[in-house]
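Student: Residue numbers (the numbering used here), protein chains in the order written: chain A, 1 to 147; chain B, 148 to 540.
Simulated from the structure, these hints should not be mistaken for laboratory data.
Below, simulated EDC-like cross-link-like pairs (lysine to aspartate or glutamate); rule was C-alpha separation at most 16 Å, straight line:
{"#": "1", "chain 1": "B", "residue 1": "K412", "chain 2": "B", "residue 2": "D509"}
{"#": "2", "chain 1": "A", "residue 1": "K121", "chain 2": "A", "residue 2": "D22"}
{"#": "3", "chain 1": "B", "residue 1": "K534", "chain 2": "A", "residue 2": "E19"}
{"#": "4", "chain 1": "B", "residue 1": "K524", "chain 2": "A", "residue 2": "E19"}
{"#": "5", "chain 1": "A", "residue 1": "K33", "chain 2": "B", "residue 2": "D479"}
{"#": "6", "chain 1": "B", "residue 1": "K280", "chain 2": "B", "residue 2": "E310"}
{"#": "7", "chain 1": "B", "residue 1": "K408", "chain 2": "B", "residue 2": "D504"}
{"#": "8", "chain 1": "B", "residue 1": "K400", "chain 2": "B", "residue 2": "E200"}
{"#": "9", "chain 1": "B", "residue 1": "K463", "chain 2": "A", "residue 2": "D9"}
{"#": "10", "chain 1": "B", "residue 1": "K400", "chain 2": "B", "residue 2": "D336"}
{"#": "11", "chain 1": "B", "residue 1": "K309", "chain 2": "B", "residue 2": "E283"}
{"#": "12", "chain 1": "B", "residue 1": "K534", "chain 2": "A", "residue 2": "E28"}
All values reported here derive from a predicted model rather than from experimental measurement.
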Amino acid sequence: MSYSEKVMDHFANPRNVGEMPDADGIGEVGNPKCGDIMKMYIKVKDNVITDVKFKTFGCGAAIATSSMATELIKGKTIDDALKLTNKAVMEALDGLPPVKIHCSVLAEQAIKSAIADYYTKKGIDPSLIVGEIPCCDHEHGNCNCVE
Amino acid sequence: MERIIYVDNAATTSVSKLALNAMLPFYETHFGNPSSIYSIGQTAKKAIEDARETIANCLGANANEIFFTSCGSESDNWAIKGVAHNLIKKGKNHIITSKFEHHAVLHTVQALEREGFSVTYLDVHEDGIIRVKELEQAITDKTALVTIMYANNEIGTIQPIKEIGEVCRKHKVLFHTDAVQAVGNIKIDVNEQNIDMLSLSAHKFHGPKGVGALYVRRGVALERLIEGGAQERSRRAGTENVAGIVGMAAALKSACDGMIKREEKLIAMRDKLIENLLKIDYSRLNGHRTKRLAGNVNISFSGIEGESLLLMLDAKGICASSGSACTSGSLDPSHVLLAIGLPHEIAHGSLRLSLSDENSMDEVDYILEVLPPIVEKLRSMSPLWEKIVAKAR
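Excised from the complex, chain B in its bound form (with noise of 0.2 Å):
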């Protein structure tokens, strides 16, 4: 068989044995509806509690706090229209939120916008990290939400979580964070970051798709977003997906286990990935250089242009991911490498490598191994990359 280098893992991440196996006895033997009194139901709903129970574990949470949803968009959606809906009424109609966010949370806060919200998006600098000083600056009494993500899909960047969670606190502005690229990455804890609201989604750390969770601190208000049953104490409508709930859990579990361990290996890769290519001419580390997931590489080559990159890496068997207009399906280039500053055709040459736990040194090598003569070969036909050189002599 022809070799598969996965190194996509912030799209998404396979399915780890351990998290299938805890599933499939939800699929044949208890696949009872967990409202149902009799017992194949009642055995459901018994693992979603102890699920529940076992991701407010890895969160600092309590278990009534975690609320189960489809994916982290619908996490992202509830927690910002549920606030936002909930304090127009006492007269707050503005949010914060940074110029990189995921899609999720900034085309929600764009329709609220519509909605006839006014939303402050902070800058993430050059490093790709907000100044927590900028948002307090940037809190007023109308302010009802401060909406920042944990760490960048992308450029995979971590806010400082906690200090924002201080400034909101003693403001008195609610906190939520789409933290669907950190947990099972970073050790989070929700009481000491002073987190409010936080999103995440199974399928980054190696449980299913389609299932997400919502942590809502106990005492913070929330309107629904899917009316219905009375499903997660009648806040979240809809039969419960209970072998992705299970598989979540057993996911989550088993990444809060490894963490540290997982992390000295990730990060080992990681440099020595950064360190190599860029040794090459005209590359660049897009985002700060530590304060990043130890699973994540960004960088831009000069020259060249990210689909044309990905289709010669696929042909070496290598699954990775740019920021190029191309792969955006637009004209433009990824939002968050021209958050960062980056000009329009650097960002066109950008590359996302982002590792786990099933990648080795032995793939890292690989990967430097293939990955200089492509760019080589795409600059030797660039008419971009001509320009480039001329300049510099």
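Okay, chain A solo, but in the shape it has when bound (with noise of 0.2 Å):
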């Protein structure tokens, strides 16, 4: 297994990391029991993505995922947020291993789930606007369960 040189680089150096004590929409993801936990924070403002930053506790690729999808989805309007798939994350990595594609997975739903809480806090009902952020789908790599 190796990485290409831009998961290094954002594993290395990643992009938006921390935390944001003002947030509009917070956004949790994954189990300890797994071995990855992602936590997505946003500000958003008339309806555009103006900040994001991620806690990732997991493997190159986890924190490399959550760095590159902060990445992608700042400055963007939630409906453009909510079209990133995980493929897109893989492929602006210049891709993953085939056992890491669940880290990016992990960082789409991450996304969904931080836009999903911003609803719920302005009184909307996010699963019409969100849909369902699957839950702990081992077989198929969509780990998405926190106790």
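Using the hints, build the complex out of the two chains.
Tutor: Structure representation (structure tokens):
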């Protein structure tokens, strides 16, 4: 297993890492048992994600995909952010080893989860906008269970 | 050149100059097949027999009890399957092992389970050591074999081999030990310790990869694993890895000769690492504090994941290993760390440093300088660490 240069760059110099005390939405996905948790914070103004931060417990790919995902949604509208797929995150990183694909799924889900939280806080039911965020599908690498 | 600090000697070791120089003539000059009658074949044959004698001496065995194999895994497979398939004819269908064996043993006994054998997996307790009493209670009149590793590859804990051997002898059960991590590091005497079979592998003690041996006590009947020619007195076929065997013997002799002095040096380095790394908050040592290999350090840091830790250490030139799921290639962390009762999330944050004679106190100091800030950096970006800290408050 080896990582691309881009993965190594985002792992060694993660972008947008940290906390956001005044976040408009916070999403957390993953499970310590599985070895990765991603927490994502977003700031929203006029339907645009003006700032984003993340914290991740996990392997090199988990940190790199979190970092890349934040870069890809920063300054984008919520609609565009919701369209971001794990595939796009992977492609932006020049690929991931097969066993690490679930990290990119987790990154996609972390964004969706933060946006869902943003709507919930505004009193809007997020399920119609964000859709279901699947939970803990180990077999297919979609581990997304917060205990 | 960038500084490289190799502290993954339980994975493999460098080939020593001594071993390499002993090997080279058998690639270039004495390359003949040991089964041939002309002189370059016979020189090779003689070298193999000398190597057999050397290795036997290091283990307190007789030369005719040493059989060369291709690796430690082959030795384990042969010993376990060889005994099981022989004793099943006498109605013995039970094997006793431990929960934290190397996969070469675990997967072999699991294969036998699928054939219909029953297997008892002894608990290794929090300290990573089996209890001889529990072993004795597990033995039945159907027990064909007890196979317990000498020293664990991940946490380095050393098992009470002599006592295990005594119990097996008392109950007339054969005893095999996977001593791959122990040979060259611990004084072994197969007679004094009542060992019937023992696996070893050259690349763990500065010999080459691709060569190992199985000690088989005289009189122990084993079915063949590799069928073919009459090599190894018709018990293990295949043209001998002459250079490898010669290199293995040279490396083992050197390891055994220098054992006491080296052990002192390794223990000093190991203990300094353990003492100082345990000063990091929420860290824990895995495995017994003293009943462990002189060069083994295995520590878990809560709130971080092992692969990230290894990548950051690698960026500083430090080669180490971890029991995290990410490095095991599955979703579960190391079976060894789970066997000693570690929760998954703590097992994910484990680090193994395994030292050899080639390491220095200077390198230990460098690791101690570089490692704590890496743990801190990873924790600062970990939501799990955030929770641990919040809970503590």
